[in-house]
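S.K.: The primary structure of each chain is shown beneath.
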Amino acid sequence: AQSVAQPEDQVNVAEGNPLTVKCTYSVSGNPYLFWYVQYPNRGLQFLLKYITGDNLVKGSYGFEAEFNKSQTSFHLKKPSALVSDSALYFCAVRDRGGNAGNNRKLIWGLGTSLAVNP
Amino acid sequence: DAEITQSPRHKITETGRQVTLACHQTWNHNNMFWYRQDLGHGLRLIHYSYGVQDTNKGEVSDGYSVSRSNTEDLPLTLESAASSQTSVYFCASSDSGAGAEAFFGQGTRLTVV
Chain H
1 AQSVAQPEDQ
11 VNVAEGNPLT
21 VKCTYSVSGN
31 PYLFWYVQYP
41 NRGLQFLLKY
51 ITGDNLVKGS
61 YGFEAEFNKS
71 QTSFHLKKPS
81 ALVSDSALYF
91 CAVRDRGGNA
101 GNNRKLIWGL
111 GTSLAVNP
Chain P
1 DAEITQSPRH
11 KITETGRQVT
21 LACHQTWNHN
31 NMFWYRQDLG
41 HGLRLIHYSY
51 GVQDTNKGEV
61 SDGYSVSRSN
71 TEDLPLTLES
81 AASSQTSVYF
91 CASSDSGAGA
101 EAFFGQGTRL
111 TVV
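Chains H and P supply the protein sequences, listed in that same order. Number 118 marks the last residue of the first sequence (the numbering used here); no jumps. Number 113 marks the last residue of the second sequence (the numbering used here); no jumps.
Hints are not guaranteed to be accurate.
As the list claims (entries may be wrong) - When the alpha-carbon atoms are kept at most 30 Å apart in a straight line, the in silico BS3-like pairs for lysine-lysine are as follows:
1) H:LYS58 <-> H:LYS22
2) P:LYS11 <-> H:LYS77
3) P:LYS11 <-> H:LYS49
4) H:LYS77 <-> H:LYS22
5) H:LYS58 <-> P:LYS57
6) H:LYS105 <-> H:LYS49
7) P:LYS57 <-> P:LYS11
8) H:LYS58 <-> H:LYS69
9) H:LYS69 <-> H:LYS105
What the hints assert, rightly or not - Partial chain P-side listing against chain H, Cβ under 10 Å, derived:
10) ARG68
11) ALA82
12) THR86
13) ALA102
These are calculated hints, taken from the structure and not from any lab test. No residue lacks a Cβ here, since even glycine has one placed at the ideal position from N, Cα and C.
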């Protein structure tokens, strides 16, 4: 079965330190990969995506993510965390193959709560 | 600017009542989705649509229905509200391309008492 795992429910990091939020997936072939962020009482906002090409993808607010095909991972990173980065982060994948119907649905991880401490 | 809006933002209803949550997008996207978000479950897909007159069941569709009469709107109806349907509901839309990202509404917090 297709699935996305975010192994850490919560990540704590000090402001100014680098952060990593982990995501691994089990999807056939080479899926499209996405990261979204959710601030309190808000909807999800798109951060970045991997479609093809360079394995290191840069996105909004200084975030980047690295696609690793052999490890089926797409970890979210930021070199220097800000207190304002504290939020809930979701990883999602979409099957690149399959029929036209199935390949438009996203498969979601359960989310990781990031807390950046001043 | 294009956007996706949900209404109401908050709703309290009684068990057994029919409730409709509105979702309106001005992106001109073909794809629209309804999710519910609950602690420990992440986002779960309720229904989705790939275009006008097209609707499909997601993983938690029991007790919910949708209709797509135009591109802009995908209302979600709870036929007979149950306490188990107390949740935060999110509508999303995306372009038809498989690599397209989804855009989310701000959510509706529904409480069934």
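S.K.: Hint by hint, work out which the structure violates, then give me just those numbers in ascending order.
M.R.: Of the numbered hints, 2, 3, 5, 10, 11, 12 do not hold.
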